[in-house]
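Engineer: Those sequence lines, one after another, are chains A and B. FYI, in the numbering used here the residues of the first sequence are 1051 to 1344. FYI, in the numbering used here the residues of the second sequence are 24 to 384.
One should not assume that every hint holds.
Taking lysine-lysine and the DSS-like style, the derived pairs with C-alpha atoms no more than 25 Å apart in a straight line are [claimed, not checked]:
(1) B:K117 x A:K1331
(2) A:K1331 x B:K190
(3) B:K200 x B:K139
(4) B:K113 x A:K1331
Since the hints were derived computationally from the structure, they do not count as laboratory data. Remember, it's a predicted structure, so these values are computed and weren't measured experimentally.
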Amino acid sequence: MTVISATAIRPKVKRKIDWWRWAGRGFLTFLLLFTVLPMAWMILTSVKSQFAAMQYPPQWWPSEPTLNNYFKLLDPRGRIGQDFLRYFWNSFYVSVLTTILGVVVAVPAAYAFSRFRFPGRNFMFFAVLVRNMFPAVVFLMPLFLLMRWMGLVNTHGSLILTYLTFGLPLSIWLLKGFYDNIPIQLEQAARIDGATRFQAFIYIVMPLSTPGIIATSIFSFIGAWNEYVYAYTFLSRDSQMTLPVGIQRFFTEFATDWPGLMAATFLMSVPVVVMFLVLQKYFVRALTEGAVKH
Amino acid sequence: MAEVVLSHVMKSYGSLYAVNDVSFTVEHGEFVALVGPSGCGKTTTLNLIAGLIPMSGGDIAIGDRIVNDLDPKDRDIAMVFQNYALYPNKTVYKNLAFPLQMRKLPAAEIDLKVRKAAEVLDMVHLLERKPRELSGGQQQRVALGRALVRDPAVFLMDEPLSNLDAKLRVQMRSELKRFHHNLNATVVYVTHDQLEAVTMADKMAVMNGGVLQQYDSPANVFANPVNTFVASFIGSPAMSLIPLEAAGNALISPEGWELPLSAMNARKAAASTTNKVILGARHSTLTLHKAPSPGSVPGKVYTVEPTGDVTFAQIFINGALVNISLDPTVALAPDEHVWVEFDQERLHLFDAETTMALAAS
Ligand SMILES: Nc1ncnc2c1ncn2[C@@H]1O[C@H](COP(=O)(O)OP(=O)(O)OP(=O)(O)O)[C@@H](O)[C@H]1O
Ligand SMILES: [Mg+2]
Chain A
1051 MTVISATAIR PKVKRKIDWW RWAGRGFLTF LLLFTVLPMA WMILTSVKSQ
1101 FAAMQYPPQW WPSEPTLNNY FKLLDPRGRI GQDFLRYFWN SFYVSVLTTI
1151 LGVVVAVPAA YAFSRFRFPG RNFMFFAVLV RNMFPAVVFL MPLFLLMRWM
1201 GLVNTHGSLI LTYLTFGLPL SIWLLKGFYD NIPIQLEQAA RIDGATRFQA
1251 FIYIVMPLST PGIIATSIFS FIGAWNEYVY AYTFLSRDSQ MTLPVGIQRF
1301 FTEFATDWPG LMAATFLMSV PVVVMFLVLQ KYFVRALTEG AVKH
Chain B
24 MAEVVLSHVM KSYGSLYAVN DVSFTVEHGE FVALVGPSGC GKTTTLNLIA
74 GLIPMSGGDI AIGDRIVNDL DPKDRDIAMV FQNYALYPNK TVYKNLAFPL
124 QMRKLPAAEI DLKVRKAAEV LDMVHLLERK PRELSGGQQQ RVALGRALVR
174 DPAVFLMDEP LSNLDAKLRV QMRSELKRFH HNLNATVVYV THDQLEAVTM
224 ADKMAVMNGG VLQQYDSPAN VFANPVNTFV ASFIGSPAMS LIPLEAAGNA
274 LISPEGWELP LSAMNARKAA ASTTNKVILG ARHSTLTLHK APSPGSVPGK
324 VYTVEPTGDV TFAQIFINGA LVNISLDPTV ALAPDEHVWV EFDQERLHLF
374 DAETTMALAA S
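The task is simple: from the sequences and hints, build the whole structure.
Structural biologist: As structure tokens, this is what we get:
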């Protein structure tokens, strides 16, 4: 709206160059390059041969692009391929389970915080939020001891539980905002129209909070997908490693294989990028709608 | 179709009684308007009938069943919410179909009923739209349609017209009245707007502070308000109330004048618990004189408001502002001294102590 009125009101005299606007554009361009260039460099390096990657002065544009590095990583018969694919699967499995369990817990919790008044409600919500005020590493030792006590060290269960601990507060808080913004009368109307309380939730409330559920899913998936410190601490067997830790092993084992490392890094970012592209619509809606009233 | 019976219904929020010992019966096919000032418990009462909130005490019966413990879905009611509560992610068609789907009707029958309701409400062309693509009036019709598709025993409506502009409100008012007439439906209708209540309702339930004050036909509520609250709440401009003292056959003012009472009114005044009474009179029952005349009392003009057809004036009498309606040809100036004559047949007397209307013993 502001754009339209601004152009409509603008007088037809020739205006001076708006330096602020140009400065803004320059700054944004700089930011864009800052984020895009490393990624571009990563992709460019990943299609170079080992020899081309080490040349000096550097070869900006690969003279003989090759997909060999990718073939190596994705070849289930080679040793590198076997390792990479196992790490990839481990990460995927841990992240997806974390995400699904997170939604299953966060949705009812957020709904209860939003709709019901029960003893200890404020305290519990506060406790949930307080978790967010400490950096994750603070909990490393306590959680490790806890996991060992429960016999979960060296299992993926320890990671999933830990990631849930870190993901849930944000998910619950974000979803509660969504439910707060859905008028209670919608559920009441559904119940009068013949729905049970549960059906009203499933048919009316859930669809309205889909953007929120998707946004929280993305957050917890990415959180789990990228996590390094806990995976490094809780797991010791090579076959269990998740991608961030596994790739780091590549780095130490094949210290000179930059193109291979870059290809692995690129493959690791693919699921996240695809998810963003597919769900972008919901994600933007979640961040805008959740905050303001419909 | 069914009757609705509330007996001794209570709803408390902590120490606040939002609904306090309310009892009334809505006969089969009756249109009852629930009126009262903001926060008096109208919505709460409606929600209790619907079963959306638990009662703190009392019984509610719909038809011949006590419904205290029934879910809203099992009470055979439909409700139109004040803010319409249309499902924002569903099209109009799906909004109308939802109550039928929940009752597991076959798809063909659902389609038939939805289209029929849409036709009746003149919104066939809107069926594929989402609620946000509709005007306020159209949304209101969809909300009404969602209530109508499955002909329930009782309709509950919470200020369904309050969000509409004045013109649309008048139009929808007559449409609602026609619906009630055609369907012979039992309706409980919450409104702020007295005119809506008076024009549409068979009976009016006047509430204040969670307590039911009076339950009667609009004409009776208007003619015989049971207490000073109802007297001053119903009617526009409000009934004027003047505190006075009863003495034999007259009312005495501390200002020094006295108003002789008819035999009937004197008996009423004598029934007061103390000698303090409140005299009530509607603007149209008063006559203005520019000179002292028998049976009139002195006052001073406060404001004069010409409205075209009729001029309203406020007169200071015994410290109270009294509304009076006048022929527009009457010229009055502020602070002018005038005399006001009361119609003995149509004046009201209330006990100043209990605020209840006095009856001749
Ligand atoms: N959930 C609640 N918790 C506490 N108090 C409540 C709750 N719901 C309503 N109340 C109180 O109960 C009283 C009656 O509220 P209600 O909504 O029934 O009023 P109303 O007559 O519908 O008013 P309005 O005309 O403004 O809609 C009010 O004092 C209100 O503050
Ligand atoms: Mg209300």
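Engineer: Confirm or reject each hint.
Structural biologist: Hint check:
Between the alpha carbons of K117 of chain B and K1331 of chain A the distance comes to roughly 24 Å, so the proposed pair stays at or under 25 Å and holds. For the hint linking K1331 of chain A to K190 of chain B, the alpha-carbon distance of about 40 Å lies beyond 25 Å, and the restraint is violated. This hinted pair checks out: K200 of chain B and K139 of chain B have alpha carbons roughly 19 Å apart, not beyond 25 Å. Restraint check for K113 of chain B and K1331 of chain A: the C-alpha separation of about 19 Å stays at or below 25 Å, so the hint holds.
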